[in-house]
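Chain A is already provided as a structure; the job is to place chain B on it using the hints.
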Amino acid sequence: MTISVNDEPFELEREMSVEEFVAEELESDDGLVVLVNDAVVPKEKRNALILKEGDCVEVVRFVSGG
Amino acid sequence: MEKDELVLGGKVFTNRLFTGTGKFARNEDIAPMLEASGSQMVTVALRRIDFKFPQENILNFIPKNVTLLPNTSGARNCAEAVKIARIAREAGCGRFIKIEIINDSKYLLPDNAETVKATEILAKEGFVVLPYMMPDFVSAKRLEEAGAAAIMPLGSPIGSNRGLLTRPFIEILIENTDLPVVVDAGIGRPSQAAEAMEAGAAACLVNTAISAADDPVRMGRAFSLAVEAGRTAFLAKLAEESKYAVASSPLTGFLRTKEV
Chain A
1 MTISVNDEPF ELEREMSVEE FVAEELESDD GLVVLVNDAV VPKEKRNALI
51 LKEGDCVEVV RFVSGG
Chain B
1 MEKDELVLGG KVFTNRLFTG TGKFARNEDI APMLEASGSQ MVTVALRRID
51 FKFPQENILN FIPKNVTLLP NTSGARNCAE AVKIARIARE AGCGRFIKIE
101 IINDSKYLLP DNAETVKATE ILAKEGFVVL PYMMPDFVSA KRLEEAGAAA
151 IMPLGSPIGS NRGLLTRPFI EILIENTDLP VVVDAGIGRP SQAAEAMEAG
201 AAACLVNTAI SAADDPVRMG RAFSLAVEAG RTAFLAKLAE ESKYAVASSP
251 LTGFLRTKEV
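These protein sequence lines are chains A and B, in that order.
Using the numbering used here, you'd call the opening residue of the first sequence number 1 and step up by one each time.
Using the numbering used here, you'd call the opening residue of the second sequence number 1 and step up by one each time.
One chain only, chain B, in its complex shape:
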């Protein structure tokens, strides 16, 4: 079998499961999860410090060989996302940025129009831009023109574990854009990640379903296997579906009795 690599921003990814660092009961589980899953890209967020409740430096829990994907969570518009992205880069977090612009706190759905604007600005500044988006064909075209390195449509609302509710729209993106499609948000089970990959997604980004599992290290492994299985099936091209049975054994030479 030939090699199957995903190249983003000049970096080669041999593992198509991207993971998040949010909601782990113990940050000490992050490194073993990355090891067990083989995930080569992991998200982090940027926040103002809280003088009353000091937080741990998350970067201390991430092995150096894993690519950091800072997100712009908390940004409500293009300007705030651009500011966060620039801080992340100046802080030494590399060129990758996940644009996440959200105005709605109930469903945490992304603002595609502001996301297109931020993508254009940041791509021109040399960022490898991975925008989190509603799976909308027109927006995907705009993001492509704006210089996105991939697009990251949601399967269902962030952290909801409801799976690929948007599957038909994600399929339109896969069929009609040249960009890699990374399904981000809402994937709750390994089987759903496999489904996304079978449909032709380039990768999956999974956070809550791994970090909130009883055993996040083992679940990271499960997702990795599912992503690989789905990807391999996509490359192998699925056999056709049919309404009626199609016998697998020859329809001749039956061993029959005389009385029927």
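This is chain A alone, in the form it adopts within the complex:
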């Protein structure tokens, strides 16, 4: 199924939770904030939220800035 991640199409081989997505597709979880369809998914809710076809996922983090 296809979702979008940071505005790019992204293929998922199977249905998975946000937690699985982070663990399997991202290098590290350190300081990442995940949004699904514009809503922040708190860490403790990542396991319960299952990604669906067409979902818009955004992965952001704090970086240096002035």
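Among the clues, some could well be false.
[Unchecked claim] Here are a few chain B residues that face chain A, going by a calculated C-beta distance under 7 Å:
no.: 1; residue: G20
no.: 2; residue: G38
no.: 3; residue: Q40
no.: 4; residue: V44
no.: 5; residue: P54
no.: 6; residue: I58
no.: 7; residue: N65
no.: 8; residue: T67
no.: 9; residue: N71
no.: 10; residue: R89
no.: 11; residue: A91
no.: 12; residue: G94
It should be emphasised that the hints constitute simulated quantities derived from the structure, not laboratory data.
No residue lacks a Cβ here, since even glycine has one placed at the ideal position from N, Cα and C.
Only chain B this time, still in chain A's reference frame:
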């Protein structure tokens, strides 16, 4: 001497130098810079991750006792700034937000009208809003009405190190608003930070001039001393200027020779 504290959003700041985390050659220098300067508030930004070039988690380099001031850099309008602010808060970064809304990539000048709109929305949601702004009196009044906790006029364009090019306009803000005025952007030298504080600024936010110095830790200390010197001079009230000399020693009892 009585205590001199700056209170923003219910938090007490005894140090009036706010700092940024951008452009450090080594993020490992950030914590020692904060320690050397005593800065109690530091800015961070929020970005989408780049799968090809993973970046470090900047929060790992900032001691926990320092207040985080996430900025909304990258936002081009009110809606984008509001979204970034909400993400920052939900991500556990606290209630402080620096609104930074920019449409122009050459001078990086802020859009005051959109900034007023975002300030109003976010202040109502309980954020402590510190808007980066062009030093414009009318906008400052609007930001005050919108619930800003302070206003942050630029001294000169971001990262330019050109100092207080806008000084007369910043002085108008200091004299005519009840909000603390934090000079943000463009301060390149400690002497310029001291100048802003002497003029009555409540604080200075300095990033590039510290992080791009050869020794950012020592430069952080230099800025801190300058901010403190300028603030102390402001509180002490400067002596008046005069066009002609005014002798410092008594004008009587001169030891004169007979032939003149």
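Against the structure, the hints come out as follows:
no.: 1; hint: G20; in the structure: holds, 3 Å
no.: 2; hint: G38; in the structure: violated, 19 Å
no.: 3; hint: Q40; in the structure: violated, 16 Å
no.: 4; hint: V44; in the structure: holds, 5 Å
no.: 5; hint: P54; in the structure: holds, 5 Å
no.: 6; hint: I58; in the structure: holds, 5 Å
no.: 7; hint: N65; in the structure: violated, 17 Å
no.: 8; hint: T67; in the structure: violated, 14 Å
no.: 9; hint: N71; in the structure: holds, 6 Å
no.: 10; hint: R89; in the structure: violated, 9 Å
no.: 11; hint: A91; in the structure: holds, 4 Å
no.: 12; hint: G94; in the structure: violated, 12 Å
Of the hints listed earlier, those the structure fails to meet are numbers 2, 3, 7, 8, 10 and 12, in rising order.
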